[in-house]
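S.K.: Single-letter residue listing:
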Amino acid sequence: MKIGRVAGTVVSTINSPVFDGRRLLLVDLLTATGEPAGGYVIAIDVVDAGPGETVLVLDEGNSARQVLEEPNGPVRAVVVGIVDELTIDGRRLL
Amino acid sequence: MQLGRVVGTVVATTAYRGLEGVPLLIVQPLERDLTPRGRPLVAADGVAMAGPGELVYFVASREASLALPVTFVPVDHAIVGIVDAVDGGGP
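Chains as they are written, first to last, in my numbering: chain A, 1 to 94; chain B, 95 to 185.
For the record, the hints were derived by calculation from the structure and aren't laboratory data.
Treat the hints with care, since some could be wrong.
[Claimed, not checked] Listed below are several chain B residues computed to face chain A (Cβ distance under 8 Å; list not exhaustive): (1) Met95; (2) Gln96; (3) Val153; (4) Ala161; (5) Gly175; (6) Asp178.
[Unchecked claim] A short list of chain A residues far from chain B (calculated; beta carbon distances all over 12 Å): (7) Ser16; (8) Leu24; (9) Ile82.
[Unchecked claim] Here are the in silico distance ranges between beta carbons for each label pair: (10) A:Thr33 x B:Ala142: 38 to 48 Å; (11) A:Gly90 x B:Asp170: 20 to 30 Å; (12) B:Thr107 x A:Ile82: 27 to 37 Å; (13) B:Ala142 x A:Arg22: 32 to 42 Å.
Positions of the beta carbon are idealized from the N, C-alpha and C atoms, including for glycine.
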């Protein structure tokens, strides 16, 4: 999984069925030490993460389909957690 | 899944089995702030409604083949939604 920060939301009405009624977040990917990693993903939100929150992103299709219970959904990234605390080498980063 | 903008179309009458009738569009991948990133690519239109200039989001690899009515057609990128609005994505 990856760490990211919610940068915004994506609104879409014409889309594959798997996205219907689901919230799409724009998530900036972070390195493990919390710095921007340069990339972003569009991810389905299943934990009601808000803008600016640090989140856990599942960025792998099979797991995403399992979480969403959509065996044939063309989806890859899902926000599956909100990070409260991030500690590395004893240093608390978040 | 990434943002992209439809910049063209591809017509391929001779194509691999399963690709008949699949709309193929040229998509320019975008950064989060909607500026171009990398080279354009050819994506199957999974919603069959994306027009030129439209902002879309697309998936790659296996997910792309799941985006079409007939699954496991050999495509590596597919549009899975048309973007109405991106808040927080603009410059």
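S.K.: Next, verify each hint and record whether it holds.
M.R.: Going down the list of hints, with the structure as the test:
1. Against a cut-off of 8 Å between C-beta atoms, the interface hint on Met95 of chain B holds, since the closest Cβ of chain A lies about 4 Å away.
2. Below 8 Å, beta-carbon pairs count as interface contacts, and Gln96 of chain B has one with chain A at about 7 Å; its hint therefore holds.
3. For Val153 of chain B, the suggested interface contact is upheld, since its CB lies about 5 Å from the closest CB of chain A, less than 8 Å.
4. Taken as an interface hint, Ala161 of chain B checks out: its beta carbon lies about 4 Å from the nearest beta carbon of chain A, inside 8 Å.
5. At about 3 Å, the closest approach between the beta carbon of Gly175 of chain B and any beta carbon in chain A falls short of 8 Å, and the interface hint on this residue holds.
6. About 5 Å separates the beta-carbon of Asp178 of chain B from the nearest beta-carbon of chain A, less than 8 Å, and the hint is met.
7. Not every C-beta of chain B lies more than 12 Å from that of Ser16 of chain A, the closest at about 4 Å, which undercuts listing it as non-interface.
8. With a closest Cβ-Cβ approach of about 8 Å to chain B, Leu24 of chain A is found to fall inside the 12 Å limit, against its non-interface label.
9. The non-interface label for Ile82 of chain A is consistent with chain B: the shortest C-beta to C-beta separation is roughly 17 Å, beyond 12 Å.
10. Range check, Thr33 of chain A to Ala142 of chain B: about 43 Å between beta-carbon atoms, so the 38 to 48 Å window is met.
11. Gly90 of chain A and Asp170 of chain B have their C-beta atoms about 43 Å apart, which leaves the hinted 20 to 30 Å range violated.
12. Our hint of 27 to 37 Å for Thr107 of chain B and Ile82 of chain A is violated, since their Cβ atoms are close to 50 Å apart.
13. For the pair Ala142 of chain B and Arg22 of chain A, the beta carbons lie near 20 Å from each other, so the given range of 32 to 42 Å is not met.
Going down the numbered hints, you'll see the structure goes against 7, 8, 11, 12, 13, while the others check out.
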